[in-house]
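Asker: For the sequence shown, this note's numbering begins at 2 and goes up steadily by one.
Read the hints as simulated data drawn from the structure, not as lab findings. Treat the hints with care, as some may be off.
Claimed, not checked - For lysine-lysine, the following BS3-like pairs were computed, each having C-alpha atoms within a straight-line distance of at most 30 Å:
no.: 1; residue 1: Lys47; residue 2: Lys28
no.: 2; residue 1: Lys47; residue 2: Lys107
no.: 3; residue 1: Lys114; residue 2: Lys47
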Amino acid sequence: MPFLKRLGFYLVGLSVGLVFLTYIFKKKSDETGVTFCYLPNCRVLKELRSKPLSYSETLKMHMTEQGADSTDIAFFLTDGDVDFSKSDPEAEPCSLYLIEGIIKGKEVILEVKNCDSTVIAEGISR
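Using the sequences provided together with the hints, build the complete structure.
Answerer: In structure tokens:
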């Protein structure tokens, strides 16, 4: 059998296999809600979303001043950028993370404490 014919069979089989794998993995991730977070930013935000969130009184005051609501805070926990240089993940008893994001067209920083069983949103600053 000539080389080009064997190469053609190989490529056809490879493409069919890749289509099946793509279909199976896409279906599995959609059903279970699995997301692949390998980068530190994604891993920290995923951990923060996995725990119940509570708001401090200072954050509630800042939210009313800036016209923010709980959906803006949820945006921080999904699409925010964790500033690891200013955060303190080794703090006791709760790790401190500073998450950068945009509210109403303004860039702001959300201060979040990650405790063992809860996440406490502390405040918003510019």
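Asker: Evaluate each hint against the coordinates.
Answerer: Okay, the hints, checked on the actual structure:
About 21 Å separates the Cα atoms of Lys47 and Lys28, which keeps this hinted pair within 30 Å; it holds. For the given pair, Lys47 sits about 24 Å from Lys107 by alpha-carbon distance, which is consistent with the 30 Å threshold. Our distance criterion of 30 Å between C-alpha atoms is met by Lys114 and Lys47, whose separation comes to about 14 Å.
In this structure, every one of the numbered hints holds.
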